[in-house]
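Could you build the full structure based on these sequences and the hints that come with them?
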Amino acid sequence: MDVFERVNQLIAEIEAATATSPAEVEEFRIRYLGTKNVLKPLMGEMRNLPADRRRDFGQLVNRAKEVAQEKFDALSAAATSAETEREGQDIDLTAPGEPLPLGSRHPISLTMRRIVSIFERIGFAVAEGPEVEDDWHNFSAMNTPEDHPARDMQDTFYVAAGLPAGPDNAAMLLRTHTSSVQARTMENQQPPIRIIAPGRVYRNETISARSHAQFHQVEGLYIAEKVSFADMKATLLHFAREMYGEQTKIRLRPSYFPFTEPSAEMDIWWGLETEHDHRITKGTGWLEIMGCGMVDPQVLLNCGIDPEKYSGYAFGMGIERQAMLLYNITDIRLMFENDVRFLRQFASVL
Numbered sequence: 001m002d003v004f005e006r007v008n009q010l011i012a013e014i015e016a017a018t019a020t021s022p023a024e025v026e027e028f029r030i031r032y033l034g035t036k037n038v039l040k041p042l043m044g045e046m047r048n049l050p051a052d053r054r055r056d057f058g059q060l061v062n063r064a065k066e067v068a069q070e071k072f073d074a075l076s077a078a079a080t081s082a083e084t085e086r087e088g089q090d091i092d093l094t095a096p097g098e099p100l101p102l103g104s105r106h107p108i109s110l111t112m113r114r115i116v117s118i119f120e121r122i123g124f125a126v127a128e129g130p131e132v133e134d135d136w137h138n139f140s141a142m143n144t145p146e147d148h149p150a151r152d153m154q155d156t157f158y159v160a161a162g163l164p165a166g167p168d169n170a171a172m173l174l175r176t177h178t179s180s181v182q183a184r185t186m187e188n189q190q191p192p193i194r195i196i197a198p199g200r201v202y203r204n205e206t207i208s209a210r211s212h213a214q215f216h217q218v219e220g221l222y223i224a225e226k227v228s229f230a231d232m233k234a235t236l237l238h239f240a241r242e243m244y245g246e247q248t249k250i251r252l253r254p255s256y257f258p259f260t261e262p263s264a265e266m267d268i269w270w271g272l273e274t275e276h277d278h279r280i281t282k283g284t285g286w287l288e289i290m291g292c293g294m295v296d297p298q299v300l301l302n303c304g305i306d307p308e309k310y311s312g313y314a315f316g317m318g319i320e321r322q323a324m325l326l327y328n329i330t331d332i333r334l335m336f337e338n339d340v341r342f343l344r345q346f347a348s349v350l
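Read left to right, the sequence shown gives residues 1 to 350 (the working numbering).
To be clear, the hints were calculated from the coordinates, so they are not data collected in a lab.
Be aware that a few hints might be false.
[As the list claims (entries may be wrong)] For lysine-lysine, the following DSS-like pairs were computed, each having C-alpha atoms within a straight-line distance of at most 27 Å:
{"#": "1", "residue 1": "Lys282", "residue 2": "Lys233"}
{"#": "2", "residue 1": "Lys233", "residue 2": "Lys309"}
{"#": "3", "residue 1": "Lys249", "residue 2": "Lys282"}
{"#": "4", "residue 1": "Lys36", "residue 2": "Lys65"}
{"#": "5", "residue 1": "Lys65", "residue 2": "Lys40"}
{"#": "6", "residue 1": "Lys226", "residue 2": "Lys309"}
{"#": "7", "residue 1": "Lys233", "residue 2": "Lys249"}
Note that the structure is a prediction, hence the values are computed from the model and not measured.
Written out as structure tokens, the structure reads:
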């Protein structure tokens with residue numbers, strides 16, 4: 001058998017080769033394409049050929065190498081596809097998938113979203129403002145001048161000296177309520193105004209199971225022509241029944257706030273069915289949930305609104321207080337400690 005026949009025989013052998021696994025493909029590669037492949041020694045035979053046949057022989061060997069490479073590529077693709085198909089057959093497509101870990105909304109976020117949703121459905125828009133506020137918008141515009149005794153009701157965190165002061169060199173502070181958002185809205189918008197202002201507020205209070213130095217509020221404001229106390233009561237009754245159930249009863253007790261006159265505290269009837277009910281209502285069955293009142297005419301004047309033409313009401317409530325009632329949380333500190341064991345309890349709450 002001459003060398004030409006040997007090469008043609010190897011080409012036929014290569015074309016007829018099969019492989020059903022990656023291991024067999026590797027054996028093919030070593031035999032025909034490896035560093036010691038069977039085609040390499042044939043090149044040494046070229047010196048024994050007549051000069052006029054060497055060119056044809058070289059081309060034939062190169063053809064054998066090309067056939068080997070093409071066959072290797074085809075066998076590799078087929079073996080990979082077969083392996084993938086076999087692996088797929090090991091998967092039970094009817095079995096349930098791996099469960100994905102569920103995150104959870106924070107109870108404060110859940111409660112805030114619920115409150116905001118109730119008021120949005122009756123036409124209130126969400127308004128926001130800065131948490132680092134100036135004295136004017138936090139106190140003075142809301143009818144609380146520097147010598148007003150109402151300032152003693154709220155222990156304030158004042159911002160360190162050296163930071164820019166507010167209008168007319170007013171001191172800067174961490175807002176003690178979201179009423180400052182009401183002031184900013186009234187300064188920049190003419191009635192009718194119908195807003196709610198949710199957000200974080202700060203007061204220098206001793207941290208305990210019932211109070212914290214930071215907490216969240218939602219305050220509401222409605223200003224238009226001929227707004228009455230009866231309008232406010234109807235709105236808050238609607239809120240209470242949406243929040244706590246259709247049978248919820250409310251009562252309004254006279255109170256005092258510097259930016260409303262008359263002012264009231266609103267209670268809901270919680271009942272006295274359990275020891276917990278007796279404890280949180282102090283044995284009365286009534287539970288205070290917010291303050292409210294008609295906007296003081298001086299506040300309207302401070303913010304550039306004519307009190308002879310417009311009137312309005314405002315209200316405000318602590319979100320943590322509502323969350324503690326909704327989810328039977330007995331310690332406000334739990335909502336700020338980020339204990340995963342506590343937060344996981346709300347994973348299924350939408």
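Evaluation of the provided hints:
The straight-line distance between the Cα atoms of lysine 282 and lysine 233 is roughly 25 Å, inside the 27 Å bound, and the hint therefore holds. For the hint linking lysine 233 to lysine 309, the alpha-carbon distance of about 21 Å falls within 27 Å, and the restraint holds. With a C-alpha separation of about 18 Å, the suggested pairing of lysine 249 with lysine 282 holds against the 27 Å cut-off. Under the criterion of a C-alpha separation no larger than 27 Å, the hint pairing lysine 36 with lysine 65 is consistent with the structure, at around 13 Å.
Between lysine 65 and lysine 40 the alpha-carbon distance is near 10 Å, which keeps this suggested pair within the 27 Å criterion. Simply put, lysine 226 and lysine 309 have alpha-carbon atoms about 8 Å apart, close enough for the 27 Å limit, and the pair holds. Between lysine 233 and lysine 249 the CA atoms are separated by roughly 12 Å; this keeps the pair inside 27 Å, and the hint holds.
Checked against the numbered hints given earlier, this structure breaks none of them.
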